[in-house]
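Can you make the complete structure from the sequences, with help from the hints?
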Amino acid sequence: MAGKLPDAAETKPLLSLSNINMTFGGVRALKNVSFEVLPGEVHCLAGENGCGKSTLIKVITGVYKPADGAVIEYDGQTYSAMSPVTAQAGGIQVIWQDLALFPEMTVAENIAFQTVIGRWPRMVNYAEMRRIATGSLQKLGVTMDVDLALHHYPIAQRQIVAIARALVGEAKLVFMDEPTASLTQSETDYLLDIVRSLSKSGVAVVFVSHRLAEVLEISSRVTVLRDGNLVGVYPTKGLTQSRITELMTGKTFDNSVRTRQVGGSPEMLEVRGLTRPGEFEDVSFTVRRGETLGITGLLGAGRTELALTLFGMRKPKSGTIILDGKPVRFGSNRAAIRAGVAYLSEDRLSLGLIQPQSIGDNMVIASLDKILAGGLISHDRQRSLVGGWVKDLGVKIGKQDDAISTLSGGNQQRIAIAKWLATNPKLLILDAPTVGVDVGARAGIFDIVSKLADRGLAIILISDEVPEVYYNADRVMHMAQGRIAGEYVPSATPMETIEEAVYA
Amino acid sequence: MRRFARSHPTELALLAVLLVICFVLSFTSDRFFTLGNAFDLLNTSSVNIIFAVGLLVVLIAGGIDISFAVAASVVQYLAVTFLGWIGGGNWIIGLIVAGALGVALGCVNAFLIHKFKIISIVATISTFNIFFGLLMFFTGGVSIYNLPDWLTTRVVLLEREMADGTWAEITLPVLIMAICVFATWALITRTTTGRQLYSFGDNPEGARRFGINIGAMQYIAFGWLGLMAGIAGLVQAHYAQEVVPNALYGRELDVLAAVVLGGARLGGGKGSVLGCILGVLLVSVTQNGLNLMGVSPFAFKMIVGAIILAAITLSNSSIERLLPFLKSRRAPL
Amino acid sequence: MTAVITRLRTALGPEMAGPVAAFAIVMAVFGFMAPNFLSAATFGSVAFQLPELGLLTLAMLLPILTGGLNLAITFTANIAGLTLAWVLQGQGGVDAGVGAFVLGSILAIGVGALSGLLMGLVIAYTKAHPILVSLSMMIFLRGLGEFLTRGGDVSGFPAFLAPIGYGAILGIPIPLLIFIACVLVWHVLLTRMKLGFNTYMIGSNIEATRYSGINTRKVLVLVYTLSGAMCAVAGIIMLARFNSVRVGHGESYLLITVLACFLGGVNPFGGFGRVIPVFIALIVLQLLSSGLNLMGANQHLATAVWGILMITVMILRWLAGRIMIFNPRKGSSS
Chain A
1 MAGKLPDAAE TKPLLSLSNI NMTFGGVRAL KNVSFEVLPG EVHCLAGENG CGKSTLIKVI
61 TGVYKPADGA VIEYDGQTYS AMSPVTAQAG GIQVIWQDLA LFPEMTVAEN IAFQTVIGRW
121 PRMVNYAEMR RIATGSLQKL GVTMDVDLAL HHYPIAQRQI VAIARALVGE AKLVFMDEPT
181 ASLTQSETDY LLDIVRSLSK SGVAVVFVSH RLAEVLEISS RVTVLRDGNL VGVYPTKGLT
241 QSRITELMTG KTFDNSVRTR QVGGSPEMLE VRGLTRPGEF EDVSFTVRRG ETLGITGLLG
301 AGRTELALTL FGMRKPKSGT IILDGKPVRF GSNRAAIRAG VAYLSEDRLS LGLIQPQSIG
361 DNMVIASLDK ILAGGLISHD RQRSLVGGWV KDLGVKIGKQ DDAISTLSGG NQQRIAIAKW
421 LATNPKLLIL DAPTVGVDVG ARAGIFDIVS KLADRGLAII LISDEVPEVY YNADRVMHMA
481 QGRIAGEYVP SATPMETIEE AVYA
Chain B
1 MRRFARSHPT ELALLAVLLV ICFVLSFTSD RFFTLGNAFD LLNTSSVNII FAVGLLVVLI
61 AGGIDISFAV AASVVQYLAV TFLGWIGGGN WIIGLIVAGA LGVALGCVNA FLIHKFKIIS
121 IVATISTFNI FFGLLMFFTG GVSIYNLPDW LTTRVVLLER EMADGTWAEI TLPVLIMAIC
181 VFATWALITR TTTGRQLYSF GDNPEGARRF GINIGAMQYI AFGWLGLMAG IAGLVQAHYA
241 QEVVPNALYG RELDVLAAVV LGGARLGGGK GSVLGCILGV LLVSVTQNGL NLMGVSPFAF
301 KMIVGAIILA AITLSNSSIE RLLPFLKSRR APL
Chain C
1 MTAVITRLRT ALGPEMAGPV AAFAIVMAVF GFMAPNFLSA ATFGSVAFQL PELGLLTLAM
61 LLPILTGGLN LAITFTANIA GLTLAWVLQG QGGVDAGVGA FVLGSILAIG VGALSGLLMG
121 LVIAYTKAHP ILVSLSMMIF LRGLGEFLTR GGDVSGFPAF LAPIGYGAIL GIPIPLLIFI
181 ACVLVWHVLL TRMKLGFNTY MIGSNIEATR YSGINTRKVL VLVYTLSGAM CAVAGIIMLA
241 RFNSVRVGHG ESYLLITVLA CFLGGVNPFG GFGRVIPVFI ALIVLQLLSS GLNLMGANQH
301 LATAVWGILM ITVMILRWLA GRIMIFNPRK GSSS
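Residue numbers (the working numbering), protein chains in the order written: chain A, 1 to 504; chain B, 1 to 333; chain C, 1 to 334.
Be aware that one or more of the hints could be misleading.
For lysine-lysine, the following DSSO-like pairs were computed, each having C-alpha atoms within a straight-line distance of at most 30 Å [what the hints assert, rightly or not]:
#1 K396(A) - K194(C)
#2 K194(C) - K117(B)
#3 K65(A) - K115(B)
#4 K396(A) - K31(A)
#5 K58(A) - K115(B)
#6 K172(A) - K58(A)
#7 K117(B) - K399(A)
#8 K127(C) - K317(A)
#9 K315(A) - K194(C)
#10 K200(A) - K194(C)
#11 K326(A) - K127(C)
#12 K31(A) - K139(A)
#13 K194(C) - K399(A)
#14 K251(A) - K396(A)
#15 K31(A) - K58(A)
#16 K251(A) - K237(A)
#17 K127(C) - K426(A)
#18 K194(C) - K370(A)
#19 K426(A) - K218(C)
To be clear, the hints were calculated from the coordinates, so they are not data collected in a lab.
Shown next, in the form of structure tokens:
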């Protein structure tokens with residue numbers, strides 16, 4: 001799977017950095033780091049949040065000036081620090097995670113936006129913009145209506161627009177910061193194809209991703225950073241996901257499938273012939289008490305739609321849901337919560353938690369009735385309820401009044417889980433619970449999931465990463481195009497079988 | 001057409017509503033569909049359209065301004081006083097003076113917003129109070145009736161006698177309005193500065209990464225609104241034949257309603273000159289029609305309010321459901 | 001001891017800094033410049049003028065916390081006042097009894113709530129921008145009021161109403177007592193009730209709140225309904241104080257209420273803000289105008305100074321922020 005490694009001895013590096021040090025207010029963000037990219041290479045930069053990846057990118061693009069002694073060689077020139085202008089002029093482009101696009105403007109304007117930049121007002125040359133945009137899209141082998149406003153296109157297409165924009169100049173080195181974070185598997189595959197064709201045309205790509213499967217698939221070499229230190233540079237060939245995880249976190253994780261017996265416990269959820277045309281059809285399955293059912297599948301498989309239907313936020317056209325022996329029909333998610341269903345949203349930042357509000361308020365929002373005293377909210381009860389869960393789930397927080405946005409992704413997700421546990425659910429649906437969570441912290445989340453299952457909770461774990469459900473669920477259900485395409489028991493199936501079924 | 005429908009759903013819906021209203025009014029009053037009445041409408045709407053296109057630029061850039069109408073009052077007062085002091089002047093001098101004063105007041109807002117990072121609604125509500133309070137304090141609420149002759153003389157650019165003997169006239173305010181509309185359209189769609197304003201309103205962080213000068217954007221947007229407000233102030237003084245310090249008080253909200261009705265988004269990045277004009281016209285056409293129907297003037301505002309309420313309720317819910325191809329969901333980036 | 005201080009700090013919150021600073025500035029400046037400022041007369045005039053603006057500000061506060069705005073407050077108050085006025089007139093005008101007043105007040109509050117309910121429904125179900133919805137409601141109510149009164153005054157009320165506008169119990173003006181009662185209700189609503197909790201959450205992120213199982217539409221509708229009801233209370237007080245109702249009365253308060261909320265540390269985008277700091281901000285504004293009055297200036301100058309005060313507080317906040325950034329201990333990098 002891994003890309004071909006150019007012979008390092010023969011090829012002169014396009015970019016080579018050494019002795020890079022960066023300090024922010026007494027904290028050393030980069031310690032004597034070196035980094036090297038060959039022309040036309042796909043190079044991955046791996047590491048947990050806060051390991052110095054973004055800082056390194058900002059040094060290379062000239063946003064930050066490294067401490068004295070740094071040596072930056074780029075395209076035959078030597079610098080002690082880059083500036084944004086030299087980086088741009090030299091063909092270094094960055095595609096930021098948030099894309100920095102303009103949704104209300106046309107595709108052409110987004111791609112050829114540089115033509116409207118400049119100090120003095122000029123007339124806009126729309127013909128020129130269209131020409132540049134079409135040309136740049138052609139390089140990627142994509143055709144789009146360049147006169148349509150960008151917001152008409154889905155996120156994957158916007159990603160393409162961002163890449164097209166980076167390629168408008170003579171790009172030699174393109175940084176992609178978490179380009180697949182909000183893409184589904186098939187969109188990701190599409191993007192990876194584009195990265196390959198870029199690399200073939202001689203553009204070097206530095207790829208930053210949390211998703212290790214992609215790192216292994218796309219890159220020829222991997223540079224790993226940990227706590228601002230360079231751990232090492234490794235050829236991708238011969239690396240495994242667990243090896244990269246070890247390098248990134250400095251810890252070893254035991255990846256073993258679950259072999260618990262849950263066959264005897266009573267059924268908590270039974271779904272029969274559930275259908276919402278266009279989203280999912282004729283879905284039937286059961287989840288037992290104490291069982292974790294994994295659901296995986298590609299874009300459009302209907303996973304999230306199914307979860308939202310179980311959570312009462314969408315109404316099924318036909319089919320029945322039986323919860324704890326009783327048929328249920330939810331008018332809203334409020335009814336579902338009362339009946340004991342909890343749903344952890346896939347989009348923690350905008351749907352799962354209310355980022356500006358406090359940790360304490362986020363935790364109790366779904367269970368306000370529990371902290372009432374005489375009809376009024378008791379802040380003492382709230383404090384002790386939150387304190388209890390924080391301790392129970394091992395969340396690291398400062399004060400309960402701090403904004404939830406001050407926490408790391410992993411700790412935020414723990415609070416989100418606690419928020420739902422406080423409602424005393426019978427069924428907990430976890431939709432992509434590790435998105436934006438560090439590899440090291442993911443294990444912690446799954447420890448909690450496992451403990452909850454042991455306490456008798458029925459859990460549905462949704463993820464588009466097969467290994468995640470493979471190692472953490474008792475049973476794995478594969479959804480494709482709105483239907484159940486297969487069911488597997490991890491302890492009796494090799495992971496490759498499921499992966500082949502899903503990605504085929 | 002299809003593309004226009006996709007990119008301008010609000011404008012299209014508004015046009016449809018306007019046509020329906022015109023259609024209904026043409027039955028209720030035979031005066032409605034006359035050239036004279038159409039010209040009347042343009043004459044009376046000029047001031048509001050000038051305000052509206054100015055405000056549009058600020059909304060596109062992601063800001064809001066509450067102070068522009070009272071700023072126009074301040075400009076009126078200062079300009080007329082100044083013109084009297086220099087001995088009268090003429091339209092050119094008057095427009096230059098009023099425009100310059102307007103730009104200056106607009107730049108006060110831009111300065112507060114950019115320099116001290118004050119959110120535009122907070123800054124402009126404050127300057128609204130400052131401008132209006134100081135104006136009333138220093139003038140003591142006294143109006144100026146003694147305007148220069150050129151300012152009170154009606155300038156008829158185009159006239160035609162109608163069959164019933166009345167005159168249909170296009171007056172100077174319409175020409176000034178047309179120039180302002182054209183200039184604003186050219187600014188926001190044809191110049192690089194205009195596209196930078198859109199991009200800044202659409203995604204300020206993205207614009208910043210491209211090296212767009214944020215401060216310049218604020219000064220241009222609020223300065224442009226100031227310019228329009230200054231011009232509108234002078235035109236209003238000409239139209240009313242007097243300067244009353246609180247004549248424009250409260251106008252800011254009427255104009256804001258019209259502009260947002262016209263598809264400009266509070267929050268930036270979206271809006272068109274066409275929508276602005278349609279928004280203003282929807283209100284004035286309704287008023288005009290009700291007037292012709294002999295409805296009590298006291299009932300106008302009530303009906304206009306009800307129509308706007310109905311229009312926004314419709315444009316935000318059913319239109320997209322009725323015409324699903326117009327549906328444009330804006331996913332977060 | 002530290003526990004008490006922490007509790008006090010959380011009770012007051014960071015929003016307190018602005019209004020308290022403004023309060024100190026105003027007291028110091030006027031105490032110095034106008035020797036008769038620190039007198040019972042000043043506080044008496046503040047106490048009588050505070051309630052009208054204050055009640056309308058409370059009506060504005062809830063929608064702002066949800067990230068909206070209610071621009072119809074002043075005309076809602078007028079229409080509610082008209083309702084009461086007509087009930088009183090229908091029951092004999094100056095000879096109307098207490099029963100008529102009670103009935104009229106209930107109807108007035110009902111009318112105010114109805115106007116809010118209507119706005120709340122449109123905002124909750126169509127997702128139209130609250131500024132636009134309340135603006136058109138304002139235009140509608142103004143038109144309705146002018147249509148019904150033909151732009152004139154409605155007056156001629158029973159004498160027992162005067163104390164509601166001018167009376168005092170134990171030296172405390174009755175309107176002030178009503179206002180303080182409403183402040184306390186709002187305070188309890190926002191700090192101790194589910195509706196208040198959800199109001200803040202909606203202000204920060206309405207979709208995430210809905211995903212947490214909150215009936216966000218119901219909350220929005222209730223918020224605007226309560227806002228309308230509070231306008232009606234203001235309308236009743238205004239009726240008693242002016243002994244007449246005219247559409248347009250208190251119109252100039254509209255943007256002052258927004259200013260008072262911001263001065264009281266309310267986040268213009270919603271989600272954050274408390275009643276008590278807003279209460280203090282209101283007192284500051286009234287002290288300012290009373291102080292200027294003492295020095296011979298009129299209300300218009302006071303209006304201008306209110307704007308200047310707001311800008312001053314925002315600039316001070318900006319300065320404080322800059323000092324924080326340059327302080328390496330508290331500043332955050334990366």
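Verification of the supplied hints:
1. K396(A) - K194(C): holds, 27 Å
2. K194(C) - K117(B): Not satisfied, since the Cα-Cα distance of roughly 34 Å exceeds 30 Å.
3. K65(A) - K115(B): OK: K65(A) and K115(B) at ~26 Å, within 30 Å.
4. K396(A) - K31(A): holds, 27 Å
5. K58(A) - K115(B): holds, 27 Å
6. K172(A) - K58(A): Distance of about 17 Å is within 30 Å: holds.
7. K117(B) - K399(A): holds, 29 Å
8. K127(C) - K317(A): Since the Cα atoms of K127(C) and K317(A) sit roughly 26 Å apart, the hinted pair holds (cutoff 30 Å).
9. K315(A) - K194(C): holds, 27 Å
10. K200(A) - K194(C): Answer violated: K200(A) to K194(C) is near 59 Å, above 30 Å.
11. K326(A) - K127(C): violated, 36 Å
12. K31(A) - K139(A): violated, 38 Å
13. K194(C) - K399(A): Within the cut-off at roughly 22 Å; holds.
14. K251(A) - K396(A): holds, 19 Å
15. K31(A) - K58(A): holds, 15 Å
16. K251(A) - K237(A): holds, 21 Å
17. K127(C) - K426(A): violated, 34 Å
18. K194(C) - K370(A): With Cα atoms ~11 Å apart, K194(C) and K370(A) stay inside 30 Å; holds.
19. K426(A) - K218(C): holds, 27 Å
When the structure is compared with the earlier hints, violations turn up for hints 2, 10, 11, 12 and 17 and for no others.
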